[in-house]
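Protein chains in written order, with this note's numbering: chain V, 3 to 255; chain H, 3 to 255.
The reader is advised that the hints may include incorrect statements.
It does not matter which identical chain is used: a pair holds within one copy or between any two.
Result set (BS3-like, lysine-lysine): computed pairs, CA atoms no more than 27 Å apart in a straight line [stated by the list, open to error]:
1. Lys98 to Lys243
2. Lys155 to Lys243
3. Lys67 to Lys95
4. Lys191 to Lys20
5. Lys155 to Lys67
6. Lys243 to Lys95
7. Lys191 to Lys81
8. Lys67 to Lys98
9. Lys191 to Lys243
10. Lys81 to Lys100
11. Lys27 to Lys155
Hints were generated in silico from the structure; no laboratory data involved. Since this is a predicted model, take the numbers as computed values, not measurements.
Residue strings, one per chain:
There are 2 protein chains.
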Amino acid sequence: MEKVGVVNIIPLRLPLVKEGDDLAKLIVDSVRDTGSRVENGDVFVVAHKIVSRVEGRVISLNDIKPSFFAATLAEYVEKSPELVEVILRESRKIVKVKGRHLITETRHGFVCANAGVDLSNTPGEDSVTLLPLDPDGSAERIRGGIFRLTGRKVAVIVSDTHGRPFRCGVVNVALGVAGLNPLFSYVGKRDLFGYRMQHTLVAVADLLASAAALVIGQCSEGVPVALIRGFVFSDEEGSGKDLIRPEEQDIFR
Amino acid sequence: MEKVGVVNIIPLRLPLVKEGDDLAKLIVDSVRDTGSRVENGDVFVVAHKIVSRVEGRVISLNDIKPSFFAATLAEYVEKSPELVEVILRESRKIVKVKGRHLITETRHGFVCANAGVDLSNTPGEDSVTLLPLDPDGSAERIRGGIFRLTGRKVAVIVSDTHGRPFRCGVVNVALGVAGLNPLFSYVGKRDLFGYRMQHTLVAVADLLASAAALVIGQCSEGVPVALIRGFVFSDEEGSGKDLIRPEEQDIFR
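In isolation and in its complexed conformation, chain V is listed as follows:
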């Protein structure tokens, strides 16, 4: 982040994906469709929804038998018992229940509403999309696939949309990363006036995910991937889990 130039955020249009599709190939094709080609240092931010879909992480609520606890909780949060059962299966801890809000810690450790289980952009009336089982692995498979197809070294972020305390509206965050360190430390660097920065750790992968959200639509635009070009990042490996604040360091848990 030392010598900064213009950063471009390029929307990539993909066809509707289905289980088993090769996202790396679809992404490489979509870059070609823009009249460009994959370059070293490109960052691809991929909405988890299409990752979940190609990985078969879409299930029908009709197949779910809710437990007694799920049914009780469902009444409290005014959701269907089947949906709450799925949310609980995707969670390792309930963080907060209040009004219709059900905030849990997912199997990966992410703290978010409904364990990331999503009703929208899912084929079928009663189907829901779950988060990828291993978002870092998903990012790494796409990164590796793009490397094999093009010989280019890129970074890949699998992103999701989260609400947050204190502020209205959702923003985007990184669930999985490959080929990039999701955190950038300013510690020990000097500021404009020579002051040594004490503890600024920047969530670079979350900034990239939010930047990508300027072109990735929630609705029917068909842009599930953004190519971010011109951003110089540290390619030390890291994990999306590096962005999870450990519970014992989290003063709001």
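Place chain H on chain V using the hints.
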């Protein structure tokens, strides 16, 4: 956000600013320095630090007499009594004190560490930078100034860097906005499969602030402003305060 094209994030280099400087003029000049000129629909994200500086919101801790309460609290959070006194003066409520963390609600309503009072990028050993008194007003003055100089209708966001619960690292958020609605609602819009979105409200201004942070440095790069070009936004007026979640709707307060 319906028909999306490429979004460019352009770093703008400004000279070191001092109290009374005309930010609108400096920004227009900096766009010219890039070989371009201001266009309708440009979004300027301005780090609050330079806004605070031109507005004289830099104070010396040597001039501060800490209260007894500030001195007691200072011992607890391991900060200087003068700094804690300033933080309390900038706050209307203490939200959480734990370890070295002092989270307050600022005079504007933002919930953040140390009421946004910052030791870095400040001239002078013992001086600190405070948040602008009225970030919306600051944004509006810059927006109006750019309009008078160029005749172009732009949007302006005054941004800050915040930590957050659950996730490591800081991201950027909008404190003040002018010429743009900081929230975008998908409510009632249809997704790819015809499902009507229930409650997705996107914090567009925070996405823009975080995107800008890809080029705005914390350190000595001298890039305090980003020009975001190509993003189609709703120019209904709004306020940075629209992004503050009211306490009674905040399940983590």
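The hints, checked one at a time:
In this assembly of identical chains, Lys98 and Lys243 lie within 27 Å of each other by CA distance both inside one copy and across copies; the values are 21 Å within and 25 Å between. For a Cα distance limit of 27 Å, the shortest separation of Lys155 from Lys243 inside one copy, 22 Å, qualifies, whereas the shortest one across copies, 42 Å, does not. Taking the shortest Cα distances, Lys67 and Lys95 sit within 27 Å of each other inside one copy (20 Å), while across copies they are farther apart (46 Å). For the homomeric pair Lys191 and Lys20, the shortest alpha-carbon distance between copies (23 Å) is at most 27 Å, but the shortest distance inside one copy (46 Å) is not.
For a Cα distance limit of 27 Å, the shortest separation of Lys155 from Lys67 qualifies neither inside one copy, at 45 Å, nor across copies, at 56 Å. When the C-alpha separation of Lys243 and Lys95 is checked against a cutoff of 27 Å, the pair qualifies only within one copy, where the shortest distance is 16 Å, while the shortest distance between copies is 33 Å. With identical chains, the CA atoms of Lys191 and Lys81 are at most 27 Å apart between copies only, with a shortest distance of 21 Å across copies and 49 Å within one. For a Cα distance limit of 27 Å, the shortest separation of Lys67 from Lys98 inside one copy, 23 Å, qualifies, whereas the shortest one across copies, 41 Å, does not.
Taking the shortest alpha-carbon separations for Lys191 and Lys243, only the intra-copy value of 25 Å comes in at or below 27 Å, while the best inter-copy value is 33 Å. In this assembly of identical chains, the alpha carbons of Lys81 and Lys100 lie at most 27 Å apart only when taken from the same copy (13 Å versus 35 Å across copies). In this assembly of identical chains, Lys27 and Lys155 lie within 27 Å of each other by CA distance solely inside one copy; the values are 15 Å within and 41 Å between copies.
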